[in-house]
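**Student:** Mapping of the sequence shown onto my numbering: residues 3 to 192, in sequence order.
Accuracy of the hints is not assured; some may be wrong.
As the list claims (entries may be wrong) - Result set (EDC-like, lysine to aspartate or glutamate): computed pairs, CA atoms no more than 20 Å apart in a straight line:
#1 LYS4 / GLU43
#2 LYS4 / ASP113
#3 LYS4 / GLU57
#4 LYS4 / GLU107
Quick caveat, the hints were computed from the structure, so don't treat them as lab data.
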Amino acid sequence: MKLYRAFSVVAGYHANNGRVCDGVRVGWFVFDRRRPPAPFEVLVAGYAGRDAYLESVANELFTADQVEQLRRHLWAHHGVVLHAHEVALPVHGLRVGLSGVTPREDRGEEDWLLFDEHGYALPFRAMAFVELRPGGDVLDRYLDFAAGTTGPGRRGADGTAGGTADGGPGPGCVAAGPIGLTEGTAAWRR
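All chains, full assembly: derive it from the sequences and hints.
**Tutor:** Below, the structure is given as structure tokens:
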């Protein structure tokens, strides 16, 4: 069985705080899966039974079919490119999935409830953990972004992480006018 982690780097993301941000890192995951894609003993190293946190690590991974469905949906509805990486099984080293990480506004983080948007018709519930400003480390841990590279959301050559001293989203975001939210999720406007 092959399972995948998926992410996007988005330009022109309309954040919940009313700003438009470039270079936003988005870590996608399957939300609220009822049955795992395989037995947890196969999916998670050291699984000893009934551990909701470890189960979330495996339950959030995408199958190949789900990756393709999400890829088509994101491109057709948002013009967003999806990248996916196969995960070596059994998964090890993580104690909780992205659904167990509470986004912190002071760190420039939020959730994107894709499954709650008007017109969403995929047979699974996809959502994302969003890092609005450069230098976030949550997605580095979960999505295995290439270590030591620079680019959107990476530390620069000087080692700084970006963002602002007051917890603002940093230089990649600008104030925007009203953005019209859809059932509590950030709307996209082209």
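**Student:** If a hint holds in the structure, say so; if it doesn't, say that too.
**Tutor:** So, going through the hints one by one against the coordinates:
1. LYS4 / GLU43: The hint holds at about 15 Å.
2. LYS4 / ASP113: violated (26 Å)
3. LYS4 / GLU57: holds (17 Å)
4. LYS4 / GLU107: violated (34 Å)
This entry does not satisfy hints 2, 4, going by the numbered hints stated previously.
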